[in-house]
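K.L.:
The residues making up each chain are set out below.
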Amino acid sequence: MGPVSRIPVSRILGYRLFQALLVAVTVGLLTFVMVRSLPGDMAYRIAAGRYGYDMVSSDAANAVRAELGLGGGGAAALALWFLDLFRLDFGESVISGRPVLEEIRHQLGHTVGLSVAAILLSVLLGPPLGIAAGLRPGGALDRGLLVAASMLRALPHFVVGLILIMLVSAGLGILPAAGHGGTENLVLPALTLALGLGAVSARVARDAMVQVAASPYYAFGRVKGLSEARVFLRHGLRNVSVPVVTYLGVQFVGLIEGVVVVESLFAWPGIGHALVHAIFSRDVPVIQGTALVMGMMFVLLNAAVDLACLWLDPRKQAS
Amino acid sequence: MNALLVAEDVAVFSGERLVQPTTLSLLPGRPLTILGESGSGKSLLAQAIMGTLPRGLRAEGVATIDGRRLPLSSGAGHRPLWGRILGLLPQEPWLALDPTMGARAQVAEGYRHVRGLDARDARRRAQADLDSLGLAMAGSKLPSELSGGMAQRVAFAAARAGGARILIADEPTKGLDVMRRDDVAALLMREVGEGAGLLTITHDLALARRLGGEVAVMLDGVIVERGPTEKVLTNPGHEYTRRLIAADPAVWSGRPGAPAAGAAVLEAARLGKTRGGHRLFADRDFSIARGEIVGITGPSGSGKSTFGDVLLGLIEPDVGFVRRAAGIAPVRYQKIYQDPPSAFPPRVTLRRAIDDLVRRHGLDAGRIAPLLDRLRLSAALLDRRPSEVSGGELQRLALLRVLLLDPAFLFADEPTSRLDLITQQEIVELLAEVARERDCAVLLVSHDTELVEKVCHRRIRLGEEAPG
Chain A
1 MGPVSRIPVS RILGYRLFQA LLVAVTVGLL TFVMVRSLPG DMAYRIAAGR YGYDMVSSDA
61 ANAVRAELGL GGGGAAALAL WFLDLFRLDF GESVISGRPV LEEIRHQLGH TVGLSVAAIL
121 LSVLLGPPLG IAAGLRPGGA LDRGLLVAAS MLRALPHFVV GLILIMLVSA GLGILPAAGH
181 GGTENLVLPA LTLALGLGAV SARVARDAMV QVAASPYYAF GRVKGLSEAR VFLRHGLRNV
241 SVPVVTYLGV QFVGLIEGVV VVESLFAWPG IGHALVHAIF SRDVPVIQGT ALVMGMMFVL
301 LNAAVDLACL WLDPRKQAS
Chain B
320 MNALLVAEDV AVFSGERLVQ PTTLSLLPGR PLTILGESGS GKSLLAQAIM GTLPRGLRAE
380 GVATIDGRRL PLSSGAGHRP LWGRILGLLP QEPWLALDPT MGARAQVAEG YRHVRGLDAR
440 DARRRAQADL DSLGLAMAGS KLPSELSGGM AQRVAFAAAR AGGARILIAD EPTKGLDVMR
500 RDDVAALLMR EVGEGAGLLT ITHDLALARR LGGEVAVMLD GVIVERGPTE KVLTNPGHEY
560 TRRLIAADPA VWSGRPGAPA AGAAVLEAAR LGKTRGGHRL FADRDFSIAR GEIVGITGPS
620 GSGKSTFGDV LLGLIEPDVG FVRRAAGIAP VRYQKIYQDP PSAFPPRVTL RRAIDDLVRR
680 HGLDAGRIAP LLDRLRLSAA LLDRRPSEVS GGELQRLALL RVLLLDPAFL FADEPTSRLD
740 LITQQEIVEL LAEVARERDC AVLLVSHDTE LVEKVCHRRI RLGEEAPG
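As they're listed, the protein sequences go chains A and B.
Note that the numbering used here gives residue 66 to position 66 of the first sequence, counting from 1, and the numbers run on in steps of one.
Start counting at 1 in the second sequence, then tack on 319, and there's your number in the numbering used here.
Calculated from the structure, these hints are not laboratory results.
Mixed in with the good hints, there may be bad ones.
[Said to hold, decoys possible] Simulated restraints on C-beta separations: (1) B:593 x A:304: 27 to 37 Å; (2) A:13 x B:667: 38 to 48 Å; (3) B:703 x A:116: 51 to 61 Å; (4) A:227 x B:641: 52 to 62 Å.
[As the list claims (entries may be wrong)] A few chain B residues that don't get close to chain A, going by computed Cβ distances all over 10 Å: (5) 409; (6) 416; (7) 428; (8) 478.
[Unchecked claim] Reference excerpt, derived from the structure (chain A facing chain B, CB under 7 Å, subset only): (9) 220; (10) 223; (11) 313; (12) 315; (13) 316.
Model, not experiment: these values are computed from the prediction.
We put the beta carbon where it would ideally sit given N, CA and C, even for glycine.
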């Protein structure tokens, strides 16, 4: 593998930085507009978030309205949010009163832990099975994997999660159904996410392997005298990895979408969980903050995928 | 002298018998060439001997290689010989090299993993091989950075790095220009000079002549004639061999007379194009008149196809301009592609593909039948898919497709480089006749100088000074 030249690296990072800026603007704008256009009186919802649904009165709602200036124009509030963003100030939660950044920092750690576990698990499950299936297309493993992957892909995360809870927690009684703390709490939510991700990456790896194994260079590797294992290691693995790793980047959208559902389902105190709660109580600064962080995570993960592809594929280094 | 390889009664089946039982033997230092058209079964014969028949095909017979008797019906037992005793020089070396691995590493793995040298020695030997092939600087280059000729030499070094003393070369000159063809012949002869056995499969008469030794001519799965190359090719005994030799552009009857002076259909001035930092052509003026056939020759990578595409408007030139004659519909400027299968939609019948064209441009469907006759095509072919007709038939169907549009200018980009000799002659003659009949200007790109000399009114050379 040749040395990674500087120019593509800086081009990748520059492009992703530009994308990050675009994400910040879009997320800020969209969350603001969407929260404002949700049905129901915002002040009531916020008051309910602060004091509980039973304690809400129109006095409390009016107090909230006055305090947060909700009666005023939205444009000023939005402009203020962008201004603060430049100073890396995400504002404060209108419910708890604590800085958004502090809340997110706490939750982000949990989410990153869950996401990393899910990605690792999916990479261990999906591509190796896919490659094994692709080496014998039409075999028992290949056909079985097609059925399993189609089913997993067709089921939404909350169904997969519920099935796992019923089978593993309720049925076998070996893992907790929800909560946070030790590794045992991490397994089911991570597996739920990983099954969805792995189902697709297995198919991508399988198709890539079939294609590579049918290529003239794979056949040439064999007649050069290399053993089957050697041909796979030297001419199969890297050529299969390039499309698979590229595809992982596409999958991260699904991961971030899955995190929201899975964290709520398993009561995992990450930002997905926090986002759902913030939406219920119309906590606009928290919604904007978490959505922004999720957007940034997506950009960051994709930048990592780009760099991995650059490292894997010498053709990209040459261009 | 002991034979390196003896094949006895080798036959190949896929339901029906594709190759009739054939016996041949390979002596050290005496090349054997199997000559035939595509579909004659010559590649299948070599694959059966080599043990690389595609799935679904079955072989019979016995091959004795390096003292080992291998019954071919089992399809097993070859693997330990690959690379060590039997080396295969692949077709289309560009595709046979791993696109993500440097050239030297692809050669070194034969030394390291087949011969068992340590990594440093393997690297050194691989570099020495590249040096001796004039590729000293190409060691860390990827296949996409190599020219066709360079890729051919890298594949050659990789095929023999494991120490194989029997080389099987399957169409080693497919798509190469004359210069590269002679390089390949020299490379193969170098091995033969060192006592290697060489079995070459080709449709290229010039390559067979250069290799000398023995030749076997194959037709429909049967070897119809064999003997010393010199004798067979100068004094053929079989009717088919005579036809094959007559189809060689080198012996086609002379160049056409001057075209009737017509109006120019296309003019270009001061054209220049640079690609990938390499200047393909600069300051080229060009003009072509109705009924005129102009040939473009030059080594691979010299920009022949690009020049035609610029004239057609498919590629923008960096400098200069192209002007079409006034009053001719844009759709009458057409192109015939090099690889007919990739110029047709693969999953629909040919009838459907042509009907769609007729509907799209409001053409007269009644013209299809006479054109089929003119191009000596059977109407039954239209109900097949592109993969179910021969390359020659498909190229004639491609010609039919553009003729329906009544072309004023036709750019034929290496239209016969993937076809065998007899089919090539048919296609090129048809193209020239049709151009004459319809007063159509033709720009013919070819790597075959002889062919261009024989059919074109004039010739343009590109990139003669640049190495391939």
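K.L.:
Taking the hints in turn, state whether each one holds.
P.N.:
Going through the hints against the structure:
| no. | hint | in the structure |
| --- | --- | --- |
| 1 | B:593 x A:304: 27 to 37 Å | holds (36 Å) |
| 2 | A:13 x B:667: 38 to 48 Å | holds (45 Å) |
| 3 | B:703 x A:116: 51 to 61 Å | holds (54 Å) |
| 4 | A:227 x B:641: 52 to 62 Å | holds (55 Å) |
| 5 | 409 | violated (5 Å) |
| 6 | 416 | violated (6 Å) |
| 7 | 428 | violated (6 Å) |
| 8 | 478 | violated (7 Å) |
| 9 | 220 | holds (4 Å) |
| 10 | 223 | holds (4 Å) |
| 11 | 313 | holds (6 Å) |
| 12 | 315 | holds (6 Å) |
| 13 | 316 | violated (10 Å) |
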